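Student: What follows is the residue order along each chain.
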Amino acid sequence: MKLKLDSPTRRRLLKALTAAGFVAAVERQTALAQNAPDYKALLTVFLQGGNDGDNTVIRLDSAGYAAYNKVRSLASGLNIAQSKLLPIQPSNVSTALGLHPSLTYFKRQFDSKQLAIISNMGLMVKPNTRDGLLAGREATPVNLFSHSDQELQLQSTDAKGNLRTGWGGRLADRLELLDPANAFPVLTSINGLKAFTSGNTSIPLALPTTPFFELFWAGTSQLTLARDAAVNEVIANMDVDNVYMLTVKLLAEEGLAASSVVKPILQNAASVVAPLFANLSSDLSRQLATVAMMLEGRAQTGLKRQVFFVNQSGYDTHGGQAQTHANLLTDLDQALDAFDKALTRLQIKNNLTTLVYSEFGRSFKPSAGQGTDHGWGNFAFALGGAVKGGQVYGSLVTQTLNGVDDYGNEGRWIPTTSIEQFAQPALTWMGVGEADLPYILPNLASFVRGKTNYV
Amino acid sequence: LLNFLKLTVVSLLAFPAQAELATAVEFYNTQLKHYFLTADAAEVSAVDSGAAGPGWKRTGGEFSVYLAASDHPAAQPVCRFYGTPGRGPNSHFYTVNTEECATTKKDLGWTYEGIAFYVLTPAADNSCAANTQKIFRSYNGGHSRNDANHRFTADPTAHERMAKRGYQGEGVMMCAPIADWEVEADIVRLLEQATFGPTEALVQAVKAKGLNAWLDEQLLMNVTQYTQLPYWRPPDNAGQCIDDNSPPITPVKYCVSNLNSPKPVAMEFFRQAQSAPDQVRLRVAHVWHQLFIVGNFAQAYAHAEFQQRLRANGLTTYEQLLGKYAISPQLGHFQNLIRNVPELNGIKPNENFAREIMQLFTIGLTELNEDGSPKLDAQGLPIPTYKQIDVGAVARIFTGFTYPQNPGSKSTFWDAEWGFMGDMRTDLDWHDRADKRLFLFSEAGGLVFPYGSTVRYEFDRLIRELIARPSTPPFIVKQLIQKMVTSNPTPGYVQRVARVFKDNGSGQRGDLKAVFRAILLDPEARGARKIDPEYGRLREPTLYWTAALRALDVQTDGLQPYNHGWQSNMPLFLAPTVFGYYPADYVLPVQQIPAPEFGIFNTSEFLNRVNQMNDLLFHNLQPYSTAWWAAQPGVLNSTGTAAPDMAAYLPSMPDPEVALNRFSKLLLHGRLRPAMKKTILNAVNKIPADEAVNRAKLMVNLILSSPDYQVQR
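The listed protein sequences derive, respectively, from chains A and B. 455 is the number that the working numbering gives the last residue of the first sequence; the numbers go up by one with no jumps. 713 is the number that the working numbering gives the last residue of the second sequence; the numbers go up by one with no jumps.
Hints may contain errors.
Derived lysine-lysine pairs resembling PhoX-like cross-links, with alpha carbons at most 20 Å apart [stated by the list, open to error]:
hint	chain 1	residue 1	chain 2	residue 2
1	A	Lys-113	A	Lys-341
2	A	Lys-451	A	Lys-126
3	B	Lys-387	A	Lys-160
4	B	Lys-677	B	Lys-57
5	A	Lys-113	A	Lys-451
6	A	Lys-160	B	Lys-57
To be clear about the criterion: a stretch of chain A counts as covered by chain B if any three or more of its residues have a C-beta under 8 Å from a C-beta of chain B, and this derived list gives those stretches [stated by the list, open to error]:
hint	segment
7	185-196
8	247-258
Hints listed in this document are in silico derivations from the structure and should not be mistaken for laboratory results. These figures come from a predicted structure and were not determined experimentally. Cβ atoms here follow ideal geometry from the backbone N, Cα and C, with glycine treated the same way.
Turn these sequences into a full structure, and let the hints guide you.
Tutor: Here's what the structure looks like:
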């Protein structure tokens with residue numbers, strides 16, 4: 001079954017109240033191969049609040065661990081004993097690393113070369129030097145260390161803070177051109193709309209973590225029929241003379257149109273993937289269960305390319321971090337483990353790549369209250385059957401306060417891998433051609449490519 | 001083209017003895033890019049039906065006018081001109097100015113068509129007499145290309161924004177009478193902005209009292225209290241806190257739902273929103289609670305204490321309110337102020353609240369002009385208000401706080417248990433006493449906190465100094481405007497209110513009564529018709545519910561409204577982060593227009609809202625059972641939520657159009673689109689006439705589902 005929805009209309013409407021600037025970009029032809037025979041999907045897992053990367057991946061070599069042990073002391077309440085860390089040995093660097101004890105699935109994936117670690121990833125205007133930054137010759141991202149700004153900028157890939165669409169939405173803009181007749185949204189978020197999900201022409205589909213994506217029964221069949229028809233008509237026939245009403249209309253239209261496809265997928269009692277999440281109850285696990293069910297029902301959408309967004313919040317660990325962080329990583333690890341089993345069961349392990357990242361890392365130097373404050377460069381992860389795992393991409397940070405990688409003296413690492421360098425290999429894997437990359441990653445040309453080809 | 005439409009000569013029309021006002025209706029032609037105005041009902045229908053050619057659409061702009069000179073002693077005729085065919089522009093022009101009318105009559109490019117309607121002329125200072133409103137004129141500058149066109153509007157926001165489209169503002173050109181429907185439409189809007197939702201009775205009460213007098217009375221009322229629950233210490237083992245669903249209900253037995261949850265407070269919130277008399281004070285507190293977030297604790301008594309703090313201080317001064325927020329143990333617990341200590345053993349003072357008090361509660365991230373626009377440096381870039389080094393300094397000021405003394409608990413700085421009654425205690429021994437230097441780079445001025453001051457002195461001074469900085473007034477008032485009136489206020493609106501924040505007229509800064517009065521009585525907030533394309537705000541889930549409960553007179557214990565908030569990402573009193581339920585800086589991504597509430601609106605939330613109202617109206621069977629709406633045995637004070645009986649509206653139901661007009665007035669300021677009206681009446685007619693309650697509910701369900709209602713404008 002294919003969704004019938006007048007997509008040209010909705011795009012025209014979107015343009016109607018839009019600055020003329022982007023229209024030219026929309027009209028550009030995609031370099032994507034038409035009628036791609038294979039199915040591919042990209043999933044991004046956003047760790048909201050700033051994951052403490054320095055307690056997620058820890059150097060296990062004696063010098064590296066000693067540096068960690070000195071700053072993240074027992075007194076700080078953050079220290080993880082060397083013996084508790086899950087040891088991993090990247091194939092491309094000599095340094096032994098340890099994963100947070102909660103990340104048992106991550107370790108298995110790394111060992112089986114299906115998980116790649118991207119080191120010191122963060123937002124930059126252009127490649128930075130410590131001297132240049134400290135002397136003020138080089139610009140930092142706008143409002144560095146502010147959650148709201150850095151979350152926006154990591155998802156928009158604009159360190160100047162102007163762009164409000166995201167790289168997921170812009171990817172969807174391009175992927176929708178693959179199959180213009182199919183109006184089912186390419187991007188599905190299970191956590192509402194974030195900067196990442198917004199495109200210029202594509203309208204993200206946001207699904208709940210419950211099985212209900214439909215208009216409910218209104219008490220009698222007469223009432224229900226009359227109501228359903230009238231709701232659709234009220235939305236369809238409205239004059240658009242207000243930008244907020246237009247936005248409600250576009251989302252309402254898409255929700256009403258998509259519900260007929262989505263409802264049976266989410267209410268599939270014979271789902272083979274839903275039971276895999278039965279023992280998990282976290283919000284993230286329910287989000288990933290929904291993604292898994294959508295993947296299971298992907299034939300109903302008719303799409304060959306999909307983008308999914310999920311979000312795990314709670315990483316802003318200013319105080320009492322050790323327990324909170326362990327709980328969060330346990331949740332992440334277990335939910336992704338179940339998701340991985342779902343992909344295996346659906347036989348699409350090589351067809352989906354998962355990226356895990358956060359708005360910033362945290363200060364290496366601990367804070368009163370057994371927590372950490374806002375940092376900058378951070379570890380990110382790529383998982384999947386297509387990933388060239390078991391390796392670390394990008395250089396490891398020298399964890400010295402006031403050292404070569406510190407933007408100050410409290411361990412806020414100056415990134416050496418940009419969000420563009422992180423995103424580009426996955427976009428290329430999804431089939432985005434060179435000509436379209438600048439549309440999705442406008443600042444890509446500022447960075448050297450090739451050192452992060454993890455997929 | 002309009003030239004074939006003969007203007008009805010208004011003086012020939014028959015009038016009732018008691019002068020009735022006519023409505024001037026504005027049209028815009030998308031091809032010509034011209035505005036057109038007429039108060040002649042026949043001409044309005046003709047243009048509506050396409051008789052004036054393609055491309056004409058109503059703008060939504062409407063204002064009342066006199067149809068005869070005798071309708072008001074000072075009424076003046078408005079001359080109407082049409083561009084002389086073959087010579088002048090394809091456009092109409094209107095003026096009440098005698099001299100301008102005479103001059104234009106001599107201009108061969110314009111042909112006089114007669115008197116369009118009557119209005120009053122503005123005084124020399126551009127003011128309008130009582131019971132009349134300003135009509136603004138803007139000009140497209142088209143004379144040189146023989147394309148002159150003017151827009152006349154009562155909406156000051158639409159007028160101000162015409163500049164973006166190349167129109168020149170020409171100021172107040174007429175004073176138009178205000179009709180009854182305009183008064184009521186304005187009151188409905190005020191009640192949307194300033195209360196938990198209009199009711200027909202309240203509209204009439206405000207009308208009788210007068211809008212200003214009613215507002216002043218509201219601002220001075222005693223504030224409704226939350227039931228103050230006693231201090232309660234959770235069991236050491238969280239597993240001991242269980243709900244035992246066997247009667248009788250006692251607070252100890254129903255620990256999870258009733259003691260260790262904001263649920264009882266949230267339920268009381270909905271009950272009071274439904275019926276409390278001090279609507280404005282409670283609504284103001286609701287605005288503040290969306291800025292002043294706390295979390296990381298569950299105790300009901302702590303939520304009650306905190307929310308009452310906001311109610312009690314929400315209309316004092318900003319300094320007092322922010323101080324009461326910042327010194328609360330709820331905040332100290334949430335933002336890691338409690339047991340924050342000076343640098344010790346390589347552990348630095350905690351920066352959590354140090355950053356957020358600047359970023360979220362006072363100066364914001366970038367320096368602002370008085371009108372809320374960012375100040376720019378020589379390179380055209382925004383100027384940061386603070387640097388990381390300042391966050392570190394403020395973090396040192398915020399050292400030396402601990403929990404208040406709780407009944408029967410230990411009292412020292414490190415031993416004090418969680419407790420949320422009263423203010424945090426300070427301890428100089430754990431305060432960083434060294435001097436602190438802030439904002440030394442800033443054009444807005446540096447601050448030095450000398451060695452040796454007390455904890456509270458530095459705390460109070462910091463708050464006062466932050467509020468005194470120039471960016472605080474526009475930064476705060478813009479958010480207040482956004483939470484009540486419109487997501488994208490004009491710079492002029494922000495500036496007018498910011499000036500009141502800076503000085504209430506008696507030299508006081510941050511007088512919140514004056515600030516809220518300025519917000520609610522500003523010309524951008526008031527008026528019968530708001531037609532600017534960027535005006536309004538999406539109703540947030542909480543207010544979407546309270547407005548429905550009030551309009552439909554639903555009897556509720558507040559439980560299901562609270563539960564539904566979870567589904568809509570606005571679980572009351574449990575905002576996920578210090579950034580609130582939704583991001584204050586969310587913008588529509590393509591249009592780049594501020595739209596905070598859209599941060600939690602999406603395809604799923606649209607269906608939620610239709611379903612939630614459907615659910616409330618019909619207590620439907622899917623996916624919840626009707627038992628869901630009944631009193632819940634595990635919840636204190638649970639009486640259930642009744643299905644609305646629609647009794648008040650039943651007398652109007654024999655003629656569905658009459659009933660629909662009532663709903664339109666109460667829910668849409670009387671602005672029901674003709675197409676939507678037709679759709680709703682068609683739908684209602686499919687339901688048998690003897691099912692009057694169902695018919696009424698269907699009308700309401702459809703209105704509440706529409707984008708027209710979802711956006712409060």
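Student: Is the Cα-Cα distance between Lys-113 (chain A) and Lys-341 (chain A) 20 Å or less?
Tutor: holds, 16 Å
Student: Could you grab the alpha-carbon distance between Lys-387 (chain B) and Lys-160 (chain A) and see if it respects the 20 Å cut-off?
Tutor: The hint holds at about 17 Å.
Student: For the segment 185-196 of chain A, count the residues whose Cβ lies under 8 Å from any Cβ of chain B; is that count three or more?
Tutor: holds (count 4)
Student: Has the given pair, Lys-451 (chain A) with Lys-126 (chain A), been kept, meaning a C-alpha gap of at most 20 Å?
Tutor: Since the Cα atoms of Lys-451 (chain A) and Lys-126 (chain A) sit roughly 16 Å apart, the hinted pair holds (cutoff 20 Å).
Student: Regarding the pair Lys-113 (chain A) and Lys-451 (chain A), is the alpha-carbon distance no greater than 20 Å?
Tutor: Within the cut-off at roughly 17 Å; holds.
Student: Cut-off 8 Å, C-beta pairs, minimum 3 residues; does the coverage of the segment 247-258 of chain A by chain B stand?
Tutor: Our answer is that it holds, as 9 residues pass the Cβ test (under 8 Å) against chain B, meeting three.
Student: For the pair we were handed, Lys-677 (chain B) and Lys-57 (chain B), check the Cα-Cα distance against 20 Å.
Tutor: Holds, because 17 Å separates the two Cα atoms, which is no more than 20 Å.
Student: Given the proposed pairing of Lys-160 (chain A) with Lys-57 (chain B), does the C-alpha separation stay at or below 20 Å?
Tutor: The given pair, whose Cα atoms are some 40 Å apart, is violated under the 20 Å limit.
Hint violations for this structure: number 6 only, all remaining hints satisfied.
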